[in-house]
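Trainee: Read off the chains here:
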Amino acid sequence: MLRPGDIAPPFDLPAATGASLGRVALHALSDELIVLFFYPRDFSFICPTEVTGFNTSLEQFRAEKCSVIGASVDDAQSHQRWSAELGGLGLPLLADQGGQLASAYGVLDEKEGVAMRATFIIDQERKIAFSEACPINVGRSVGETLRIIRALRTGRLCPADWTPGAGFGPADRKF
Amino acid sequence: MREVVFGVQDGVLTTAGVLAGLSGAVSNHSQIVLAALASTAAGALSMGAGAYLGTRAETEVLAGEVARTRLAAQRDPYVVQEALLGELEKQGLTREAGYRVVQLLSTSPHLLFKTAEEKVYGLAGAMHANAALDGLVMGVAFAGGALVPLLPYLLVPGNGAALGSALGATALALFGVGYFEGWMAHRAERWRSGMRFLSIAVGAAVAGYLIGLLISPLGAASG
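Sequences listed follow chains R and A, in order. Throughout the first sequence, residue numbering follows the numbering used here, covering 1 to 175 in sequence. Throughout the second sequence, residue numbering follows the numbering used here, covering 1 to 223 in sequence.
Where hints are given, some of them may not hold.
[As the list claims (entries may be wrong)] Derived lysine to any residue pairs resembling SDA-like cross-links, with alpha carbons at most 25 angstroms apart:
| # | chain 1 | residue 1 | chain 2 | residue 2 |
| --- | --- | --- | --- | --- |
| 1 | A | Lys90 | R | Met116 |
| 2 | R | Lys111 | A | Glu89 |
| 3 | R | Lys65 | R | Thr163 |
| 4 | A | Lys90 | R | Gly99 |
| 5 | R | Lys111 | A | Ala97 |
| 6 | R | Lys111 | A | Thr94 |
| 7 | A | Lys90 | R | Phe45 |
| 8 | A | Lys90 | R | Glu110 |
| 9 | R | Lys111 | A | Tyr121 |
Rather than coming from a laboratory, the hints here were simulated on the basis of the structure.
Work the whole structure out from these sequences, hints included.
Mentor: Structure below.
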């Protein structure tokens, strides 16, 4: 699995954003930060709360100049129908058929042929700024991802459990 | 069905074997009949008890498994939903269609779990077994099967003639059980079922006889 500091593998894949089909490419994204979250499958009883959670918080991510993109091994048409099933999504879902993107990010479950439940934050230099993976039965915290985005945007040394408004560490300290 | 076929086949073959063996060793007709009757009684009781205990053990283990799985399902219903979804996909439904089916089933938690019991955990069939009934059917089937080779000994005078009639009746009975099984399964060529049953049963008996021949020198050496 890729770690902070690694170069984010580029992607240019078919995607569904709500009812619209198109393509999403890393090089074409203009936002400073990108949240790329992988999930195993569409039409699942485990995944929905995360996808809808990111969708609900989309405006907050956009306020931080951050794009949010989901990815699974399902095709774009499946993403389109899954988005409709979830009430319509405002974020794009990448069709990583074959799992090459998941494999490039080191989060492909080769036995099952699906991506693990993993989240990456890609910075302005298109390097990995944050990465995490969760067990199949544990949903990610969208709030925590947003908190980390906000912390990264400060460019400052943020102590444990930092939240906006809280103090920073000494400006002359690296860690 | 299993208890009937197993019980009759075992009753027929075991008793025919006892009669054939005793006819070779003993000349007194009454003693042969008495020994076969005792063997029949012991066999029927033993087989019946075995069937009862086996079925009871199986249903108890499965009941425990079902209880544990239901508890887990109540705590984390998504586990059952996802497992059933995976199974429906394996059986040919598209993921989306399977999702819709599980979603529909989820409106009735009881039905969701019963379906998962059958499709995912394979627990459905054995849960409905009745241990007492299985034991009774097995015992009665054994005794009924035993009567087939025994009756000639009760009706036909002379050990030789009785044995020949018993073996003939045994072969007919074995063919008949196989034919009945084919009839129950609505097969077109039921005689094939009969012949298969007869050949397997006779093959087992012949194999047993040959094994007995092979090891008989051990008895001679120790005696």
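Trainee: Please go over all the hints and tell whether each is borne out by the structure.
Mentor: Structure-based check of each hint:
Restraint check: the Cα-Cα separation between A/Lys90 and R/Met116 comes to about 20 angstroms, which is no more than 25 angstroms; the hinted pair holds. A hinted pair counts as satisfied when its Cα atoms are at most 25 angstroms apart, and R/Lys111 with A/Glu89 qualifies at roughly 16 angstroms. Simply put, R/Lys65 and R/Thr163 have alpha-carbon atoms about 18 angstroms apart, close enough for the 25 angstroms limit, and the pair holds. In summary, the hint linking A/Lys90 to R/Gly99 is supported, as the alpha carbons are separated by about 20 angstroms, within the 25 angstroms threshold.
Between R/Lys111 and A/Ala97 the CA atoms are separated by roughly 24 angstroms; this keeps the pair inside 25 angstroms, and the hint holds. Pair hint R/Lys111 plus A/Thr94 holds up; C-alpha atoms about 20 angstroms apart against a cutoff of 25 angstroms. Between A/Lys90 and R/Phe45 the alpha-carbon distance is near 17 angstroms, which keeps this suggested pair within the 25 angstroms criterion. A C-alpha spacing of about 18 angstroms is found between A/Lys90 and R/Glu110, which places the hinted pair at or below 25 angstroms, so the restraint holds.
Note on R/Lys111 and A/Tyr121: the hinted pairing holds, with a Cα-Cα distance of about 21 angstroms set against a maximum of 25 angstroms.
No hint from the list above goes unmet by this structure.
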